[in-house]
Every structure is written in structure tokens, then in C-alpha cells.
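*Asks:* First to last, the protein sequences are chains A and B. With positions in the first sequence counted from 1, the corresponding number in the working numbering is that position plus 136. With positions in the second sequence counted from 1, the corresponding number in the working numbering is that position plus 207.
Please keep in mind that the hints were generated in silico from the structure rather than gathered at the bench. Be aware that one or more of the hints could be misleading.
Below are the DSBU-like pairs computed for lysine-lysine, each with C-alpha atoms no more than 30 angstroms apart in a straight line [what the hints assert, rightly or not]:
# : chain 1 : residue 1 : chain 2 : residue 2
1 : A       : Lys180    : B       : Lys236
2 : B       : Lys300    : A       : Lys255
3 : B       : Lys236    : B       : Lys288
4 : B       : Lys288    : B       : Lys243
5 : A       : Lys180    : B       : Lys286
6 : A       : Lys180    : B       : Lys288
7 : A       : Lys180    : B       : Lys300
8 : B       : Lys243    : A       : Lys180
9 : B       : Lys284    : A       : Lys180
A partial selection of chain B residues facing chain A, derived with a Cβ cut-off under 7 angstroms [claimed, not checked]:
#  : residue
10 : Ile269
11 : His279
12 : Val292
13 : Ala305
Backbone N, C-alpha and C define an ideal beta-carbon position, used for all residues, glycine too.
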Amino acid sequence: MQTQLDIPIILRRLEICGPAGSREVDVILDTGAVYTVLAWDVAKDIGYDPAISERRTPIITANGVIEAPLITVERMQLAELEAETVDIVCHDIPELAGIEGLLGLSFLQHFRTVIDYAKGILEITLASRQAETSRPGRQ
Amino acid sequence: MELADIAERVVYMPYTHLWVIGGEEKMEKMNLEHAKQEYAGQWLAFLVTEGTPTGELFGELIARNPDRRELHRELRKRKVKRAYVTFAGPVIKPGYAAIL
Numbered sequence: 137m138q139t140q141l142d143i144p145i146i147l148r149r150l151e152i153c154g155p156a157g158s159r160e161v162d163v164i165l166d167t168g169a170v171y172t173v174l175a176w177d178v179a180k181d182i183g184y185d186p187a188i189s190e191r192r193t194p195i196i197t198a199n200g201v202i203e204a205p206l207i208t209v210e211r212m213q214l215a216e217l218e219a220e221t222v223d224i225v226c227h228d229i230p231e232l233a234g235i236e237g238l239l240g241l242s243f244l245q246h247f248r249t250v251i252d253y254a255k256g257i258l259e260i261t262l263a264s265r266q267a268e269t270s271r272p273g274r275q
Numbered sequence: 208m209e210l211a212d213i214a215e216r217v218v219y220m221p222y223t224h225l226w227v228i229g230g231e232e233k234m235e236k237m238n239l240e241h242a243k244q245e246y247a248g249q250w251l252a253f254l255v256t257e258g259t260p261t262g263e264l265f266g267e268l269i270a271r272n273p274d275r276r277e278l279h280r281e282l283r284k285r286k287v288k289r290a291y292v293t294f295a296g297p298v299i300k301p302g303y304a305a306i307l
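Given the sequences, and given the hints that come with them, work out the whole structure.
*Replies:* Okay, structure coming up:
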């Protein structure tokens, strides 16, 4: 996918799938975030209950360190880019922002990400190894 | 069917401003940007059914609410399987800067 750069970098319609369905949400690209972050309500909508998740991780935010539930969602998709079994931290972004998450490295690590400020373009594509193996006719 | 029976089955669809006879809800196809203009400042749950090469999205407005949490509660209550949840307004409130 390729899109024009704005600041902050907002990505529309990130799809997250779970056992109870799917939600598309708007997120901010955060290349400094180890995990992708989603609001608790989005996780609950698609069939997860962050409150009873046994996995927790301390996260460092601008306001300090908090412990947040960690879940693994079945699938995430952004435009044509798809990743399965992605770890997600459930954490509510303050309501002043009209987004429900951050797209972090737990998703981006599957792809090649180029932020080109000179050209004003963000490009996220399949990593070259994946692109090669997905070529038709290749074993 | 008697007129009184029909009157009992008339339902008002608040999002589309349609009066519908019977229990089956037939929603009007909308342009997402138009819905955002009409319901500025609210959170929208939208079922995208069509997109254009220029990025315009069309579909059905499933629900809307100024409160994000209330909107999600409604979606879960109605067992909505698929929805695009988006805010009809600026992602970052004017005058604020995001540091994540």
C-alpha cells in the first residue's frame, strides 16, 4: 500500500478479526511501539476479553509505566497487507484523539515500511522474501 | 391486513430518516463522507459495501453515538459482526499534538 504522508500518520480501516467478527478502525502509525495497540472495546467486539487475559505486559507511555493486557488476534489486514496471529496490547487512547489504536511493530515487522518525507509518501509492502515466495509458479 | 395492523408495524429508522413497514430493516446506501458531515463530532459504525478508486466509501450507517464506548456497547448488544468504526471529526483535536 502507498499513501500520502500527513503528520501524524493516520491509517484508515485497519481490519482486526477475532472469533466473534471483525472491526475496521483508524490508527496512528507508531514505528516506536513494539506492539500494536487497540482500544479495549474493539477487542471485546471481536470476541476477546482483555480483563481475563492471563498475559500482561508493562508498557511505557508518556505518563509512566502501566501494565496492560496482551492478546493475540486471529488476523489483521491493512489494504492488501495481511498478518495472522498478531500480538496486540489492549489500551485506551485518550478520547481527545479520534482513533482507536496505534499500528506498531508487531504488525509492521511482517512488512517493508518506507516513510519518505522528501516525497511525502508512506509505503508498506510485502518484504522482498515474502514477495518472491508468493510469485506464481515458484515452489 | 387491516390498516391498524400496518400502523402497529411502522418503524422509524433514526439514521436514515425512513419509515419502514414491518420488522425488516432496509437501510439506505450512504456516502461515508456525507454521513460524517451530517453527524460531525460523533462516532459512526459503518458497514462498507462499496468503494471507488478515488477512495470514496459507500455503505450503511449501522449506529452512531457521541460516546465511543456507548457505540461499541450497542454494536455488541446487536451482535454486529462487521463494522468500520470511525470518528466524524479531526483525529487530533485542534490545538493538541500527539506524542506517543
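*Asks:* A separate judgement is required for each hint: does it hold in the structure or not?
*Replies:* Each hint, compared with the structure:
1. Taken as a hint, the Lys180/A and Lys236/B pair is honoured in the structure, with Cα atoms around 28 angstroms apart against an allowance of 30 angstroms.
2. At most 30 angstroms may separate the alpha-carbon atoms for a hinted pair to count; Lys300/B and Lys255/A meet this at roughly 27 angstroms.
3. With a C-alpha separation of about 18 angstroms, the suggested pairing of Lys236/B with Lys288/B holds against the 30 angstroms cut-off.
4. Simply put, Lys288/B and Lys243/B have alpha-carbon atoms about 22 angstroms apart, close enough for the 30 angstroms limit, and the pair holds.
5. Straight-line distance between C-alpha atoms of Lys180/A and Lys286/B comes to about 11 angstroms, which keeps the hinted pair within the 30 angstroms bound.
6. Note on Lys180/A and Lys288/B: the hinted pairing holds, with a Cα-Cα distance of about 12 angstroms set against a maximum of 30 angstroms.
7. For the proposed pair Lys180/A and Lys300/B, the alpha carbon gap of about 26 angstroms is at most 30 angstroms, so the pair holds.
8. Between Lys243/B and Lys180/A the alpha-carbon distance is near 25 angstroms, which keeps this suggested pair within the 30 angstroms criterion.
9. Of the supplied pair hints, the one linking Lys284/B and Lys180/A holds, its CA atoms being roughly 11 angstroms apart against a limit of 30 angstroms.
10. With a least beta-carbon distance of about 11 angstroms to chain A, the hint placing Ile269/B at the interface is violated under the 7 angstroms criterion.
11. Given the 7 angstroms rule on beta carbons, the hint for His279/B holds: about 4 angstroms separates it from the nearest Cβ of chain A.
12. The interface hint given for Val292/B is met, as the beta carbon of that residue sits about 6 angstroms from the closest beta carbon of chain A, less than 7 angstroms.
13. Taken as an interface hint, Ala305/B checks out: its beta carbon lies about 5 angstroms from the nearest beta carbon of chain A, inside 7 angstroms.
When held up to the earlier numbered hints, the structure conflicts with hint 10 and nothing else.
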